[in-house]
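Dock chain B against the given chain A, drawing on the hints supplied.
Those protein sequences? They're chains A and B, same order as listed.
The first sequence begins at 1 in my numbering and counts up one residue at a time.
The second sequence begins at 1 in my numbering and counts up one residue at a time.
No lab work stands behind these hints: they were computed from the structure.
Cβ coordinates follow ideal geometry from the N, Cα and C atoms, glycine included.
Among the clues, some could well be false.
[To be verified] Below, in silico cross-link-like pairs of lysine to aspartate or glutamate (DMTMM-like), each with a Cα-Cα straight-line distance of 25 Å or less: (1) Lys-136(A) x Glu-11(B); (2) Lys-136(A) x Glu-59(B); (3) Lys-81(A) x Glu-59(B); (4) Lys-50(B) x Glu-125(A); (5) Lys-61(A) x Glu-156(A); (6) Lys-41(B) x Glu-132(A); (7) Lys-124(A) x Glu-59(B); (8) Lys-181(A) x Glu-59(B); (9) Lys-12(A) x Glu-69(B); (10) Lys-131(A) x Glu-54(B); (11) Lys-61(A) x Glu-76(B); (12) Lys-181(A) x Glu-38(B); (13) Lys-181(A) x Glu-60(B); (14) Lys-124(A) x Glu-60(B); (15) Lys-50(B) x Glu-161(A); (16) Lys-24(A) x Glu-55(B); (17) Lys-209(B) x Glu-261(B); (18) Lys-414(B) x Glu-140(A); (19) Lys-79(B) x Glu-20(A).
[As the list claims (entries may be wrong)] Output of the computed footprint for chain A on chain B, the stretches with three or more beta carbons under 8 Å from beta carbons of chain A: (20) 36–49; (21) 53–65.
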Amino acid sequence: MQNEEKLIHDAKKGDNAAFEAIVKEYQNKIYTLCYRYTGNYEDARDLAQEVFIKVYRNIKKFEGHSSFSTWIYQVAGNTCKDYLRKIKNKSEFSLDEEVFNNEESFTPQVLKDENTPDLQYEEKERISLLKEAVNKLNPEYKMVIIMREFQDLSYEEIARETNTSIGTVKSRLSRGRNMLKGIFLQGMEGSLNEKPQLQ
Amino acid sequence: MKNHNCSEILELLSPYIDKELGIDEEKAVAHHIESCSECQKEYTELLELKKLMEEISKEEIQAPEGFAESVMNKIEEEKIQPEGNGKIYSFMDNFFKKPWIPAVIAAMLLVAIYIPDQLGPLMYRGEEAKEDSMNNEVMLTFTAEDAKAKEGLARTSGMIDSAATPAPQLAPDFAPSPGSGEFADNVVPEERKIIRNGYVSADITDYDKTEKDITAKTQELGGYIAGSNSYYYGENQDLQAGSMEIRIPEHRFDEMMSFLESAGKINSKNTSTNDVTEQFFDINTRVNNLRIKEERLLEILSKQGELKDLLAVEQELADTRSEIESLEGRLNFLSGQVAYSTINIELREVKNLDDSIAKDSVSGIGSKIKESVIKSINKILDLGVKGIILISSALPFLLILGVVYFVFRVIWNKKKRDL
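The following block holds chain A by itself, in its conformation from the complex:
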């Protein structure tokens, strides 16, 4: 975005209109990421709001060492991480009821899903089952899997973000994927009522 720099410059000076333009530019990306973390539209909305308020508060600290998009993703990642930590501590991670109740009442439009029309029904079904599986993951594993798969961070970056070692990241990803696969295959079994088939 060519005028992003100017928008950031103006926002730093306290131009709220410029900041609003920035929010509009990033809101979908951030909201999506928050949804991946929370698996819950309501919480995703609150989290995304929190992220943008943090960005607003700290915009003067953005000095252009990295791209603005990387920075804003970092803020979002940290905010979501704290959310998962809170969830973990409260151990109220019972997504089954909460998530699906909310989803029924409020289902946002999915954008940019270019493949969707071409995908077969089965493929769509599998993707939706996998999304559910991600939601059901233990926060510890969910965090690394989202960072790896959705934020496309390297093991080293994940280790830095989660304050752990690369070895821990490796084993968490490995175990997380196995769990994800397990949950996913279970879901397949339930919905299709037949032997799970991945290939």
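The following block gives chain B in isolation, referenced to the frame of chain A:
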């Protein structure tokens, strides 16, 4: 085909599909899944999962209607302001980005507060000990001194330095007059009457020769030996020590003192002055008054009178004269004291002087080497012990330092994470 490696390979599959393995491990995994159908199945399933995840990550969910507006509303409602000013931030940022900076500051504070406390006593201890030994020496040399010299002890200890650097000598005709200020300044314009005393304590190698030299020099300067005594001491009673009291014409005092200073190794030295101008004036006045009285009495006596009265006058005259004599004697004594300065000398014969080449230093070199080696070892041990004490006494501070550092780390990490 089951391989004993399967469990390890299964562990590596996840980083394998992420391409986060080293070349060797990657080869091993690739090789294994070619031959092991079970691991291959696991691998293809994970790969499929990753592909599905990629599909998901392509999706972008639209933020709720009016999301941006609600963010802006919240910012305005809660009067949220962008924090920090760039410059201050970058300073604080650097401060927290480099956690060793607070650590270094804390360490410097520690050094500033703690080290002088700790090292101070260690260093002073050495100096005190040195001074103590010097005081002891002065005490010893003074034990045989007369009362006057003992009075000077307090002053002497303050003048120890003069052993190394000669004290400024008083010009004979222009000496200060402590304790007689006003009177001396206003009433007695004449020459000051000052008694000067000197004291020298020295180590020498040949007592008899030094005594002779001093005697010769004293006579040469027009002085005289007021008294001397000596005794033998040492393991074999082959060393002499003693004291001399010499009187030197007042104007040759400095000359004599410098001669004595070169006679041997000076342990201590001092000079003192006593202004007796006031006393002089006082006695003179009284003598003059008594002289007038004497003349009057003589006048009375020359007149005729009753015998009883004459006898009384005679008696009075005798008393007056005796008083005059006594006072004149005192004046003469003082004049003598002023004219001739007194120098007390303490001499102690030693085998070698520290600053001259010892004749017998080669003898017993073995035991001397041994002795000095032992001394050095003791010094090293002493230093080591002091070092250990220093370090161990610093431990609590290091602990605090560690805690401070840890807290800064936590704050720093939190700051980083909060963003």
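Right, here's what the structure says about each hint:
For the proposed pair Lys-136(A) and Glu-11(B), the alpha carbon gap of about 22 Å is at most 25 Å, so the pair holds. This hinted pair checks out: Lys-136(A) and Glu-59(B) have alpha carbons roughly 19 Å apart, not beyond 25 Å. This hinted pair checks out: Lys-81(A) and Glu-59(B) have alpha carbons roughly 21 Å apart, not beyond 25 Å. Proximity of Lys-50(B) to Glu-125(A) is assessed by CA-CA distance (about 16 Å); at most 25 Å being required, the pair is judged to hold.
This hinted pair checks out: Lys-61(A) and Glu-156(A) have alpha carbons roughly 24 Å apart, not beyond 25 Å. A threshold of 25 Å between alpha carbons decides the hint, and for Lys-41(B) with Glu-132(A) the separation of about 23 Å falls inside it, so the pair holds. Distance restraint check for Lys-124(A) and Glu-59(B): the Cα-Cα separation of roughly 12 Å lies within the 25 Å cut-off, and the hinted pair is therefore satisfied. For the hint pairing Lys-181(A) with Glu-59(B), the CA-to-CA distance comes to about 20 Å; that is within 25 Å, so the pair holds.
For the hint linking Lys-12(A) to Glu-69(B), the alpha-carbon distance of about 19 Å falls within 25 Å, and the restraint holds. Straight-line distance between C-alpha atoms of Lys-131(A) and Glu-54(B) comes to about 11 Å, which keeps the hinted pair within the 25 Å bound. A C-alpha spacing of about 20 Å is found between Lys-61(A) and Glu-76(B), which places the hinted pair at or below 25 Å, so the restraint holds. The hinted pair formed by Lys-181(A) and Glu-38(B) meets the criterion: a straight-line CA distance of about 15 Å does not exceed 25 Å.
Of the supplied pair hints, the one linking Lys-181(A) and Glu-60(B) holds, its CA atoms being roughly 23 Å apart against a limit of 25 Å. For the suggested pair Lys-124(A) and Glu-60(B), the alpha carbons sit about 15 Å apart, so the restraint of at most 25 Å is met. Between Lys-50(B) and Glu-161(A) the CA atoms are separated by roughly 22 Å; this keeps the pair inside 25 Å, and the hint holds. With a C-alpha separation of about 24 Å, the suggested pairing of Lys-24(A) with Glu-55(B) holds against the 25 Å cut-off.
Taking the CA atoms of Lys-209(B) and Glu-261(B), the gap is about 15 Å. The hint holds against a cut of 25 Å. Between the alpha carbons of Lys-414(B) and Glu-140(A) the distance comes to roughly 19 Å, so the proposed pair stays at or under 25 Å and holds. Restraint check: the Cα-Cα separation between Lys-79(B) and Glu-20(A) comes to about 15 Å, which is no more than 25 Å; the hinted pair holds. Given a C-beta distance limit of less than 8 Å, the hint that chain A covers the stretch 36–49 of chain B holds, as 5 residues qualify and 3 suffice.
Judged by the Cβ-Cβ criterion of 8 Å, the stretch 53–65 of chain B is covered by chain A as claimed, because 12 of its residues qualify and three suffice.
Checked against the numbered hints given earlier, this structure breaks none of them.
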